[in-house]
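J.: Each chain, written out:
2 protein chains.
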Amino acid sequence: MTTDTAITRDAAERLDAEDPLRALRQRFVCDEPDTIYLDGNSLGRLPAATPGFLDQVVREGWGTGLVRSWETWIDWSRRLGDRLAAHTLGARPGEVVLSDSTSVNLYKLAAAALDARPGRRTVLADSDDFPTNRYLLQGLAAQRGLKLVTLRSDPDLGLDQDELARTLGGATGGDIALVVLSLVSYRSGALLDMAAVNRAAEAAGALVLWDLSHAGGVIPLRLTADGADLAVGSTYKYLNCGPGAPAFLYVRRDLQTRLRQPVWGWYGQRDQFAMGERYEPVDGLDRFLVGTPPLLSLAAAEPALDVLEQAPVTLLREKSLRLGELAARLAEAWLTPYGFRPASPPDPVRRGSHLALAHPDAERVCRALRARGVICDFRPPDRLRIGMAPLYTRFTDVWDGLDRLRRLMGSRGHEQLSTARPRVT
Amino acid sequence: MTTDTAITRDAAERLDAEDPLRALRQRFVCDEPDTIYLDGNSLGRLPAATPGFLDQVVREGWGTGLVRSWETWIDWSRRLGDRLAAHTLGARPGEVVLSDSTSVNLYKLAAAALDARPGRRTVLADSDDFPTNRYLLQGLAAQRGLKLVTLRSDPDLGLDQDELARTLGGATGGDIALVVLSLVSYRSGALLDMAAVNRAAEAAGALVLWDLSHAGGVIPLRLTADGADLAVGSTYKYLNCGPGAPAFLYVRRDLQTRLRQPVWGWYGQRDQFAMGERYEPVDGLDRFLVGTPPLLSLAAAEPALDVLEQAPVTLLREKSLRLGELAARLAEAWLTPYGFRPASPPDPVRRGSHLALAHPDAERVCRALRARGVICDFRPPDRLRIGMAPLYTRFTDVWDGLDRLRRLMGSRGHEQLSTARPRVT
Chain F
1 MTTDTAITRD AAERLDAEDP LRALRQRFVC DEPDTIYLDG NSLGRLPAAT
51 PGFLDQVVRE GWGTGLVRSW ETWIDWSRRL GDRLAAHTLG ARPGEVVLSD
101 STSVNLYKLA AAALDARPGR RTVLADSDDF PTNRYLLQGL AAQRGLKLVT
151 LRSDPDLGLD QDELARTLGG ATGGDIALVV LSLVSYRSGA LLDMAAVNRA
201 AEAAGALVLW DLSHAGGVIP LRLTADGADL AVGSTYKYLN CGPGAPAFLY
251 VRRDLQTRLR QPVWGWYGQR DQFAMGERYE PVDGLDRFLV GTPPLLSLAA
301 AEPALDVLEQ APVTLLREKS LRLGELAARL AEAWLTPYGF RPASPPDPVR
351 RGSHLALAHP DAERVCRALR ARGVICDFRP PDRLRIGMAP LYTRFTDVWD
401 GLDRLRRLMG SRGHEQLSTA RPRVT
Chain R
426 MTTDTAITRD AAERLDAEDP LRALRQRFVC DEPDTIYLDG NSLGRLPAAT
476 PGFLDQVVRE GWGTGLVRSW ETWIDWSRRL GDRLAAHTLG ARPGEVVLSD
526 STSVNLYKLA AAALDARPGR RTVLADSDDF PTNRYLLQGL AAQRGLKLVT
576 LRSDPDLGLD QDELARTLGG ATGGDIALVV LSLVSYRSGA LLDMAAVNRA
626 AEAAGALVLW DLSHAGGVIP LRLTADGADL AVGSTYKYLN CGPGAPAFLY
676 VRRDLQTRLR QPVWGWYGQR DQFAMGERYE PVDGLDRFLV GTPPLLSLAA
726 AEPALDVLEQ APVTLLREKS LRLGELAARL AEAWLTPYGF RPASPPDPVR
776 RGSHLALAHP DAERVCRALR ARGVICDFRP PDRLRIGMAP LYTRFTDVWD
826 GLDRLRRLMG SRGHEQLSTA RPRVT
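Protein chains in written order, with the numbering used here: chain F, 1 to 425; chain R, 426 to 850.
Keep in mind that the hints were calculated from the coordinates and are not lab data. Heads up, the beta-carbon is just placed ideally off N, CA and C, and yes, glycines get one too. No incorrect hints appear here.
Example chain F residues on the side facing chain R (calculated, C-beta under 7 angstroms, incomplete):
id	residue
1	P51
2	V58
3	S103
4	P131
5	G139
6	G244
7	P262
8	P294
9	L295
10	S297
11	P380
Ranges of calculated distance between the beta carbons of each label pair, as one might list FRET restraints:
id	chain 1	residue 1	chain 2	residue 2	range
12	R	D579	F	D254	43 to 49 angstroms
13	F	D55	R	E743	34 to 40 angstroms
14	R	R624	F	G373	58 to 64 angstroms
15	F	T419	R	T460	55 to 61 angstroms
16	F	P93	R	R829	40 to 46 angstroms
17	F	T64	R	D772	35 to 41 angstroms
18	F	D115	R	D618	37 to 43 angstroms
Bound-form chain F, shown alone:
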């Protein structure tokens, strides 16, 4: 694709026509032709099969089957976790479950990892990581009297991996119990090299806990091959499992029995329904489960995986890179004159599947754009995130969305909005 052809809408249409994944868009509900959705990185679209499947779970499973349905449901956290492990995460059976929220899973695994390294007093994190991750680590560090060291990452380019490697290999490396990082930055989209980080941490004797929320379903992952210790991630973004769907939790097989998480619930108990007196965690991954999973939300993972499994992640990545390249070129040509500045790594292979654009008035621009049918999102202080979900985002969506954005800026339409920030953005 050259700059010239990328800039015309015809060129975008040709890219759609040549897209090997184009048929998959029909597997999603896209019932507002005038809406351009560039926010699948925040909440993925509804798979077309999901309403019917959920209605069946509700009417037949709950309504008719009643409590008997738990004979089937009891396995779903594991079964759906195994499917995700195989297709998306590059992990082995018995290494992934769907449970709780991403935050609760991160808490459980971080606490378990810290308990497994009692002699070490330092947690290493990213100053620009997603808020909940930073807060959770602040809480754990405060509760255990540990030192939380946050590496300053560039808000556009992400963490400096050389600095990370130096810290791990340096004088304090031996005191680091745990490193917590997002593989793809929620704000800039900056992508880290997982295998390299894992190697450096292993050499330092530290465990690594990855947040894969913005990576799952768009970045080819090989957790086993890359030596990943621990990971969590959201399932409601590129995995399309629905609002607040139970998150995934990964623990490498040989680590499972060596770790013990702090929330000792009956779903982690050996022979759960024997209801024995003392807590004895299961040998395998189930020890990281706690209570009864929210079954209706969990069930939505089934039809979502049915669609996801139609596309190898390598193909999703390839399309995502091309979508990102188109967005970056259009932004440069059309939006720089209006004061936008790219706020993601310039090299597409260093990015996940969203592109950040900085603009002093980004919050109002985002709202004004939504009023014009283009949904992307705002992240403080001044970033617009353009999310491209390769399963259903078309090249023409990117073209049309950024075209509407440049026209908005040309008409200064956003300046009519109040500057009061709404609660939810």
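Assemble the complex: chain F is given as a structure, and chain R must be docked to it using the hints.
T.: Chain R only, in chain F's frame:
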């Protein structure tokens, strides 16, 4: 009701005809006329309006509204919590949220309470409490080096409240940081006197954390008036919010800012979407929230509350007592000859809404009974639980269910089943 009339099916039919709540059964899906459901204490029935409501949330909220729907959804944990507070719990607005699982909520509140009583080293619990509660406290005690004192409760009659009061008022009382109790025992159904326990604990300077899973929706609760500190409870039993629905969490208003729970997630953060650097919990109840709630499972609370609010809990309790009395009389007349023994407090006002029957072969009996269309459940080691949900259980259901049970025993039908215990019971 006299023993004579209670024993005939005609008498049970008359009780149904006179039941002021009888019309509410039509608000639930009861589509298998031959199935007798006596397990609403484990998973409540599906409200008839729920499938339609959920389909709308899925198609319109998620499918069409996409990420914009969070502008509405962001309040649902609180809004639905407030409805439950007002109708069911006797609590004030801003004192109840729906979030996470019962187990995770119990962990958060227990940890918060322990941190608020740093000088005290003892946790008081019930040896016969629901497993997850016992395990969670074992975990917290182990992690913090606290002493977990479990009072031996009678497996049929529940905790001896005089002994509890003596312990709280005795020499060790001043070391007790927290008392964790189920208001209604999951196994025997034994009901405690909440106000009396709260008073004794307050006098000792200890906090009380109630598990109301088997009480919510069947026992009139007055958390504010009875001076309750903290509570959690399941919403999928008598509240009919669906399998694994987010649990409720209550913290008395004046305690909220004095407590800080250990899982510092972004849903507890002041000005959540500003995504500030340091965790600063909200002043109110939201500080007990963690991550994104499983919205589809949460949404099912809406139609469930619509039905629940049709019946004051005092009326539900009245019917529940009469259902329990009928079950107890029939069991005595019909089942004692087959080796059953009542395993609940004999006084109906000391029971919740289920009745336990002990039988050496209870597990196989339970399975054989299910095969004959009567669904109740088994709890180790030898208890059959007969659950009566006053919103939809009929007097004839109790009569027919126990009639089928006596006929099963008469034919020794259960003896044909294997004694191998299935995984889910």
